[in-house]
Amino acid sequence: MRFNTIVYCLKQGIKNIFRNKLFSLASISTMAACIFLFGLFYSIVMNVQFMVKEAESSLCVTVFFEPGTSETRISVLGQQIAGRNEVSHVEYTSADEAWDSFKDVYFEGNEEYAKAFMGDNPLINCAYQTIYLSEASMQESLVNYLESIPDVRKVNKSELTANSFADFGMLIGYVSGAIILILLAVAVFLISNTVSVGITVRREEISIMKLIGATDFFVRAPFLVEGILIGLVGAAIPLAAIYYLYGSVISYVLEQFSILSSVMVFLPITDVFRSLLPVGLILGVGIGFLGSSTTTRKHLRV
Amino acid sequence: MSPWGSRKLFLRGDIDCIYGEYEMIVFENVSKTYETGTPALNNVNLKIEKGEFVFIVGNSGSGKSTLIKLLLKELEPSGGKIYVNNKLLNRMKRRHIPRYRRGLGVVFQDFRLLKDRNVYENIAFAQRVVGTPARVIRRQVPSMLSLVGLAEKYRSYPKQLSGGEQQRVALARALVNNPAILLADEPTGNLDPRNSWEIMRLLEEINKRGTTVLVVTHNQEIVDAMKKRVITMHKGLITSDEKKSGYHQ
Ligand SMILES: Nc1ncnc2c1ncn2[C@@H]1O[C@H](COP(=O)(O)OP(=O)(O)OP(=O)(O)O)[C@@H](O)[C@H]1O
Ligand SMILES: [Mg+2]
Chain A
1 MRFNTIVYCL
11 KQGIKNIFRN
21 KLFSLASIST
31 MAACIFLFGL
41 FYSIVMNVQF
51 MVKEAESSLC
61 VTVFFEPGTS
71 ETRISVLGQQ
81 IAGRNEVSHV
91 EYTSADEAWD
101 SFKDVYFEGN
111 EEYAKAFMGD
121 NPLINCAYQT
131 IYLSEASMQE
141 SLVNYLESIP
151 DVRKVNKSEL
161 TANSFADFGM
171 LIGYVSGAII
181 LILLAVAVFL
191 ISNTVSVGIT
201 VRREEISIMK
211 LIGATDFFVR
221 APFLVEGILI
231 GLVGAAIPLA
241 AIYYLYGSVI
251 SYVLEQFSIL
261 SSVMVFLPIT
271 DVFRSLLPVG
281 LILGVGIGFL
291 GSSTTTRKHL
301 RV
Chain B
1001 MSPWGSRKLF
1011 LRGDIDCIYG
1021 EYEMIVFENV
1031 SKTYETGTPA
1041 LNNVNLKIEK
1051 GEFVFIVGNS
1061 GSGKSTLIKL
1071 LLKELEPSGG
1081 KIYVNNKLLN
1091 RMKRRHIPRY
1101 RRGLGVVFQD
1111 FRLLKDRNVY
1121 ENIAFAQRVV
1131 GTPARVIRRQ
1141 VPSMLSLVGL
1151 AEKYRSYPKQ
1161 LSGGEQQRVA
1171 LARALVNNPA
1181 ILLADEPTGN
1191 LDPRNSWEIM
1201 RLLEEINKRG
1211 TTVLVVTHNQ
1221 EIVDAMKKRV
1231 ITMHKGLITS
1241 DEKKSGYHQ
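Residue numbers (the numbering used here), protein chains in the order written: chain A, 1 to 302; chain B, 1001 to 1249.
Keep in mind that the hints were calculated from the coordinates and are not lab data. Incorrect hints may appear among the rest.
With the Cβ distance kept under 8 Å, some of the chain A side facing chain B (calculated, not the full set) [as the list claims (entries may be wrong)]:
| id | residue |
| --- | --- |
| 1 | T5 |
| 2 | Y8 |
| 3 | L146 |
| 4 | E205 |
| 5 | I208 |
| 6 | I212 |
| 7 | G213 |
| 8 | T215 |
| 9 | F218 |
Glycine is no exception: its CB is placed at the ideal position from the N, C-alpha and C atoms.
Based on the sequences and whatever the hints tell you, model everything.
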């Protein structure tokens, strides 16, 4: 294809946008509204997933051993446990470390009382392994396994039932997936509606072009450029808005619900945008392209 | 500017018939009935040679525009065969149609200018379609416009022009690519006598340089004066076809 033709199609596409200002404006705002809602849900989902992950990764099981179990035996068992799939890592706390951290907390401000225990660790049988899980849903089976080891005296599992994390994550995934699907359907419907409003002018224009000898491609290319540009602008505006609003919304939420600030850890905007930016732009361009290509194809048979 | 009629018809494809190299347009028993049931052409037989100048006259509704539309492949015949430059139009592949149409120049009875482009762009569009380089377009469009006497109006939009002015833009667009065949459906229908004559002289000039010209017209005076081949139609039939003739019904 000639360079001339490419330049012409690009120019014409841009001109088309300004030629049908009302139509372009309607399309861009429809697109912008949909991409904005999409971005909103996308950010929420990403943050919830992030929080669930955070909570999951701090989820751990503590294992205490029968009195008299040797340190070597305990570390062998620790390695054995660490080798399992559902286990992310294992931390060993010796009896002395356990006592040190206990007495720091318990005798805070009255350190001299702790001296009474000098050389005699009351927690001598309380060495423990802390096992961090890589997957919250596996806690149940891990606990069963641990309890079946003869040297194990006691297994403390997390207060929160591990399954609730997994369930919550799944629920969020499904709900947001459904909402996003509905949004996309609405976007396509609205775009095709606005496109067909502007089509009467085009129908005539297209048929004249074809009678003069223009190829399908030559007739369509400017319309496709137009659709893609509308999609691009329609996506860029809401994405920019989200980029600038994100921080203030989060600080507002943390301010209003300060009790939650310990539970809620938000992702920085750059992390959200690493995927939201390409996804949003591709979505906008894709919808714009689809809208213009389907509507022009209908009118090409002249 | 390259010689008139320099644009080739068909660059590929086999020859479909046994007509000689002189025949440009051949109708064999062509009929056209619209979906509404109106019979517009009834068993028309016609041969037009390369380089001929032909007037088509006849009452309103006699099928003149239908004939032009069949040649442009805007319509398909209900029966019969149409050959252009030895190529059977009925069987032409869809993807070859644009290439075929580029060899034709057409002035539509209702002009069919692109409403949202100015005069300059309307004419330039026909050149863009055939891939003319931008610098050639910039040179040829203005010279085409002065040829039809519209040099000053190049920035106007179709709705800002009079009927006659729009008609001349349509003619400029039809001529700008040096077509092998010019199909003009009432190209002077909205023009005063002086302008009509100028346009007819222009068409004659173009014909002399090689383009086959078909002109549909109701202008009796011009037809009588120019002494060209005249095909008269009536209710979808060719009722007379005479060389160097005048207007009669
Ligand atoms: N799109 C159409 N649908 C149905 N009937 C049509 C259509 N176009 C034309 N006709 C009919 O076909 C017949 C021939 O029409 P055509 O346009 O070829 O006439 P014409 O000779 O060009 O007339 P005029 O001199 O008024 O332009 C007429 O009876 C007309 O009513
Ligand atoms: Mg007519």
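Cross-check of the supplied hints:
For the restraint placing T5 (chain A) at the interface with chain B, the shortest Cβ-Cβ distance is roughly 6 Å, inside the 8 Å limit, so the hint holds. Given the 8 Å rule on beta carbons, the hint for Y8 (chain A) holds: about 6 Å separates it from the nearest Cβ of chain B. A hinted interface residue such as L146 (chain A) counts as satisfied when its beta carbon comes closer than 8 Å to some beta carbon of chain B; here the least separation is about 72 Å, so the hint is violated. Nearest Cβ of chain B to the Cβ of E205 (chain A): about 6 Å, under the 8 Å cut. The hint holds.
Checking I208 (chain A) against chain B: minimum C-beta separation of about 5 Å stays under 8 Å; hint holds. Hint on I212 (chain A) holds. Least Cβ distance to chain B is approximately 5 Å, under the 8 Å limit. Taking 8 Å as the C-beta cut-off, the interface hint given for G213 (chain A) holds, the closest approach to chain B being about 4 Å. With 8 Å as the threshold, the beta carbon of T215 (chain A) comes within range of chain B, its nearest partner Cβ sitting at about 5 Å, so the hint holds.
Annotation: interface hint on F218 (chain A) holds; nearest CB of chain B at approximately 6 Å, less than 8 Å.
Consistency with the previously given hints fails for number 3 only.
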